[in-house]
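Same order as they appear, the protein sequences are chains A and B. -13 is the number of the first residue of the first sequence in the numbering used here; add one for each residue after it. -13 is the number of the first residue of the second sequence in the numbering used here; add one for each residue after it.
One should not assume that every hint holds.
No copy is singled out in the list; a pair is fine if it fits within one copy or between any two copies.
[What the hints assert, rightly or not] Within a straight-line C-alpha distance of at most 20 Å, the following computed EDC-like cross-link-like pairs (lysine to aspartate or glutamate) qualify: (1) Lys197 <-> Glu209; (2) Lys250 <-> Asp237; (3) Lys312 <-> Glu175; (4) Lys197 <-> Asp22.
Since the hints were made in silico from the structure, they are not lab data.
Number of protein chains: 2
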Amino acid sequence: MKLCDLPRLDPGSDEVVVEVAGCGVCHTDIAFAYGDVPTRHALPLILGHEISGRVVAAGENAGAWLGRSVIVPAVIPCGVCPACQAGRATICRQQFMPGNDGNGGFATHVLVPTRGLCAVPEPLPSGLTLEMLSVVADAVSTPYEAIRRSQLGAEDVVVIVGAGGVGGFGVQIAAALGAAVVAIDRDRERLDLAARYGAGLVLDAASTELKGLKAAVRTFLKESGRKGIGLKIFEMSGTPAGQATAFGLLDYGAYLGVVGFASKPIEIRLSNLMALDATARGNWGCPPDQYPAALQMVLAGKIALAPFIELHALEEAPAILEAVAKHSVRRRAILKPGQRKEKQ
Amino acid sequence: MKLCDLPRLDPGSDEVVVEVAGCGVCHTDIAFAYGDVPTRHALPLILGHEISGRVVAAGENAGAWLGRSVIVPAVIPCGVCPACQAGRATICRQQFMPGNDGNGGFATHVLVPTRGLCAVPEPLPSGLTLEMLSVVADAVSTPYEAIRRSQLGAEDVVVIVGAGGVGGFGVQIAAALGAAVVAIDRDRERLDLAARYGAGLVLDAASTELKGLKAAVRTFLKESGRKGIGLKIFEMSGTPAGQATAFGLLDYGAYLGVVGFASKPIEIRLSNLMALDATARGNWGCPPDQYPAALQMVLAGKIALAPFIELHALEEAPAILEAVAKHSVRRRAILKPGQRKEKQ
Chain A
-13 MKLCDLPRLD PGSDEVVVEV AGCGVCHTDI AFAYGDVPTR HALPLILGHE
37 ISGRVVAAGE NAGAWLGRSV IVPAVIPCGV CPACQAGRAT ICRQQFMPGN
87 DGNGGFATHV LVPTRGLCAV PEPLPSGLTL EMLSVVADAV STPYEAIRRS
137 QLGAEDVVVI VGAGGVGGFG VQIAAALGAA VVAIDRDRER LDLAARYGAG
187 LVLDAASTEL KGLKAAVRTF LKESGRKGIG LKIFEMSGTP AGQATAFGLL
237 DYGAYLGVVG FASKPIEIRL SNLMALDATA RGNWGCPPDQ YPAALQMVLA
287 GKIALAPFIE LHALEEAPAI LEAVAKHSVR RRAILKPGQR KEKQ
Chain B
-13 MKLCDLPRLD PGSDEVVVEV AGCGVCHTDI AFAYGDVPTR HALPLILGHE
37 ISGRVVAAGE NAGAWLGRSV IVPAVIPCGV CPACQAGRAT ICRQQFMPGN
87 DGNGGFATHV LVPTRGLCAV PEPLPSGLTL EMLSVVADAV STPYEAIRRS
137 QLGAEDVVVI VGAGGVGGFG VQIAAALGAA VVAIDRDRER LDLAARYGAG
187 LVLDAASTEL KGLKAAVRTF LKESGRKGIG LKIFEMSGTP AGQATAFGLL
237 DYGAYLGVVG FASKPIEIRL SNLMALDATA RGNWGCPPDQ YPAALQMVLA
287 GKIALAPFIE LHALEEAPAI LEAVAKHSVR RRAILKPGQR KEKQ
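Construct the complete structure from the given sequences, taking the supplied hints into account.
And the structure:
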């Protein structure tokens, strides 16, 4: 991983150059950076798919975007293939994912297609900046989509496993939808934050075995008085331990949303899905048409960003990626290009 | 496990006594018999939940059933709890499962509630007998429900892993719905049967690695010309190896129905569900309201039973259960009470 100067970007007719305000660091980047998962575009490649910024150059059909603040979706589907036409945009095989199919956002500038771009209305509410909104591109929109697919409502009890840089937003989204929320983590500070931002119960997996977690969730479920059928569980830790906990919490008719990414396999009894009549479902990001609604929850103050993020200079990328890989970063890290910006 | 004489059964007002024509042997019975999974009712208990027979005694509200031939659903929901009312009958916590919540069908007679009983229209089509229809109670209806939930249609490509006593029916159900069917097994005879009963491609997992299976399925998918989005895979082997294969075959947007039961855990990368935007779903049997449609497929000749079953005397139960446990029985075994019947 190294910092380098690249030629000025030249947008095609339906492309724009976005001056990066911020780009969040995701566990998928870690898997790419450490070789656990290959990028679809050959190396060398600029990673980073959680991008916000301002359009500073536009192709001939893209003039309307010039000067606009935008969030770049982590997954940009083609819009015309059978999967896109069938409403399954996230599995589009012609999708463009910055930092995977081409250069991404750990840079001062990034070249992206205009399709799927999410316009950011300005001025922003007080306390929000454009770089903070980068996390909407994945850390907010991906749990948003996972929760949307589960048809979560006010009668549901939801368990969020991992209340970090993704789960902290998951807790808030579920709470905003009126569900009764349990947050599970191994970090006391994260749990305290989750309790302040919507969790009705927080459980420390560092000090409580699965059996104890299950019992506590069941008691909470009973006392919640919610009438939803089946627990809704979301794995947002991106760790094998979190996945084992989430799968272990499955109960009759439960739904498990697999949001976090972990390369390492885990040992599970797959037949529990059968014995419990349960469902496990994953989502590869979020279709661009859901971004405005996710962004709106942030702008309306239903999802607080500030307590769940931390800003770092782009130059710190190697150290930050290492820290994220070690799960020693409590919040979602955002890389922010600094003084090298004027070189473009 | 032993054969014994029990007192005559006395039906309550909404109950009937069914003289057992046949009772299929399921891997769930094996898990119960060998202690891998505890029965919900305390031991000693008569196992067996795949029952057909004739009503020979009826409680005061059940007179209309007297003399009728019936299939007893493997899972009999209460019909009134919130789960039942919400259309999630298979997770009803007040459900009665013969051979789990009370005495089952490895017997001459069984006492069951009338709710959910599936009437068998008579006379039966030539080649079918009432004891053969016992497999509709689980081995046919459970894959039927799994396939129904997946919304399988004529534009889909489906992979059935395990073409034995359950998968053989799965292949036929999927083919009857017009899907292009791949059957995978480790047994040549089963594969030949699957090819004769609807599979467009059969693959031998004993001689082909996962990579080869994947490649063959992809080629078949391309050549099938089907436009369905995402492969639909059903694990019907009830073995850890079959489960690993089924999970390993997941591709973008795929759906995995977990039908077979295996006690042993397997090692999987749960995040594949996320990376592939895939779903894994299990079903605990089939709601009674789906039985008539499943039975109709059998009566209409869309599902052949004879090549996929084998009849044994009830007295052979210990040996048959052992053989099923060792996966050395190719077909669905049905236990049929014999000369002891008149003792009731």
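Hint by hint, here is what the structure shows:
Within a single copy, Lys197 and Glu209 get their C-alpha atoms as close as 19 Å, which meets the 20 Å cut-off; across copies the closest is 49 Å, which misses it. For the identical chains of this complex, Lys250 and Asp237 are inter-copy neighbours only, at 18 Å across copies versus 24 Å inside a copy, given an alpha-carbon limit of 20 Å. When the C-alpha separation of Lys312 and Glu175 is checked against a cutoff of 20 Å, the pair qualifies only within one copy, where the shortest distance is 17 Å, while the shortest distance between copies is 51 Å. Taking identical chains as interchangeable, the C-alpha atoms of Lys197 and Asp22 lie at most 20 Å apart only when they sit on different chains, with a minimum of 19 Å there against 32 Å within one chain.
When the structure is compared with the earlier hints, no violation turns up for any of them.
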